[in-house]
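*Asks:* Chain by chain, the residues:
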Amino acid sequence: MDFFDRLVGKKKSAKSAKERLQLVLIHDRTDLTPAVLEAMKDDIIAAISKHIDIDPDKVNIDVEHDGRAQRLVADIPLRVATRRRAS
Amino acid sequence: MTGKVVTITSGKGGVGKTTTVANIAVALAADGKKVVCIDGDIGLRNLDVIMGLENRIVYDIVDVVEGRCRTRQAMIRDKRMPELFLIPAAQTRDKNAVSPSDMIRLCDELRQEMDWILIDSPAGIERGFRNSIAAADKVLIVTNPEMSAVRDADRVIGLLEAEEKAAPSLIVNRLNPTMVKRGDMLGVDDVYDLLRIEVIGIVPEDENVIVASNRGAPLAIEAKSRAGQAFRNIARRLNGEQVPFLDLEAHSLWDRIARLAGRK
Ligand SMILES: Nc1ncnc2c1ncn2[C@@H]1O[C@H](COP(=O)(O)OP(=O)(O)O)[C@@H](O)[C@H]1O
Ligand SMILES: [Mg+2]
Numbered sequence: 001m002d003f004f005d006r007l008v009g010k011k012k013s014a015k016s017a018k019e020r021l022q023l024v025l026i027h028d029r030t031d032l033t034p035a036v037l038e039a040m041k042d043d044i045i046a047a048i049s050k051h052i053d054i055d056p057d058k059v060n061i062d063v064e065h066d067g068r069a070q071r072l073v074a075d076i077p078l079r080v081a082t083r084r085r086a087s
Numbered sequence: 088m089t090g091k092v093v094t095i096t097s098g099k100g101g102v103g104k105t106t107t108v109a110n111i112a113v114a115l116a117a118d119g120k121k122v123v124c125i126d127g128d129i130g131l132r133n134l135d136v137i138m139g140l141e142n143r144i145v146y147d148i149v150d151v152v153e154g155r156c157r158t159r160q161a162m163i164r165d166k167r168m169p170e171l172f173l174i175p176a177a178q179t180r181d182k183n184a185v186s187p188s189d190m191i192r193l194c195d196e197l198r199q200e201m202d203w204i205l206i207d208s209p210a211g212i213e214r215g216f217r218n219s220i221a222a223a224d225k226v227l228i229v230t231n232p233e234m235s236a237v238r239d240a241d242r243v244i245g246l247l248e249a250e251e252k253a254a255p256s257l258i259v260n261r262l263n264p265t266m267v268k269r270g271d272m273l274g275v276d277d278v279y280d281l282l283r284i285e286v287i288g289i290v291p292e293d294e295n296v297i298v299a300s301n302r303g304a305p306l307a308i309e310a311k312s313r314a315g316q317a318f319r320n321i322a323r324r325l326n327g328e329q330v331p332f333l334d335l336e337a338h339s340l341w342d343r344i345a346r347l348a349g350r351k
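So the sequence lines, in the order shown, correspond to chains F and H. Each residue of the first sequence is one higher than the one before, counting from 1 in our numbering. Each residue of the second sequence is one higher than the one before, counting from 88 in our numbering.
If you are wondering where the hints come from, they were derived from the structure by calculation, not from laboratory data. Hints may be right or wrong, so weigh each one.
With a Cα cut of at most 25 Å, we get these calculated PhoX-like pairs of lysine-lysine [said to hold, decoys possible]:
1) K18/F to K99/H
2) K268/H to K18/F
3) K10/F to K268/H
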């Protein structure tokens, strides 16, 4: 990467390669495309919203790694207000 | 004697499987071991020319499997090393001429006489790949620090996991330390982060590899070349020795790999 690239903040190519490969490998290993992940997220939000009030924008679903094993992790923050109203 | 069967495979073609087989074989034989290489790339025979034995072929692996000759008759003795042999691939047959159970039978026979049986796998994940891993005690996956080679390596690792084979080890070949330093090539630690299998070898890009293949004399015999040294180190690690990695990259690469591989 030359001086000009650094000046305009262009990312080193090895870094792009690694980030792109990380995503490609998740999909290769699990058949999980970003579209499927997004659809699953919507279903989960719908299911939980039937019972409690959550903020859909704060829900996060991701694939995490443990060595070569992968797991789906959902992070669903509960609203403070919900709890107060319930008490 | 019960020899060990080691298969060298990759997914992607052209990453250095044949080069690796020839060099590890030469290094093991130079160490006094009895070694036989099997060219598993039926229809695209190559190991014979890399080892410089192309003029001595009479019988090939399909002749053995179909009973036209005894196994011994198809084992070509190396020019330099008396305990190094090659069983060549058939050039005019297709991969279906050999089955996984043929390979298991052949390797079981070779185990009686040899210390090491090295199998050069064809590219791809089809029949030739299945044949080459059928009898393997150990699988080595060769990759280059490059997008498609790493991706295909991951696919092959996944297939081996599905077959419940012992965890394979990784050889990162054609590493260019200058490009890594400049941030324009994946480093060994990056490749390890992505694939998460034990690294057993790091081989630099080295033009001597091509010179050696021109001559038909694998460069692991030569003392000077860095790639040759890297291949000799892989042979020693296969023998169970703890050998530090060559210092090709930034310092203490070995420490980082050892840590990542859970050895420290
Ligand atoms: N470490 C290396 N440095 C330079 N060239 C290499 C290296 N390893 C392999 N090559 C070259 O790459 C090409 C492909 O290697 P080969 O062993 O035939 O790959 P494969 O068997 O996986 O198809 C050959 O021309 C070989 O000389
Ligand atoms: Mg080859």
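*Asks:* Hint by hint, note whether the structure agrees.
*Replies:* Hint check results:
no., hint, in the structure
1, K18/F to K99/H, "holds, 18 Å"
2, K268/H to K18/F, "holds, 15 Å"
3, K10/F to K268/H, "holds, 16 Å"
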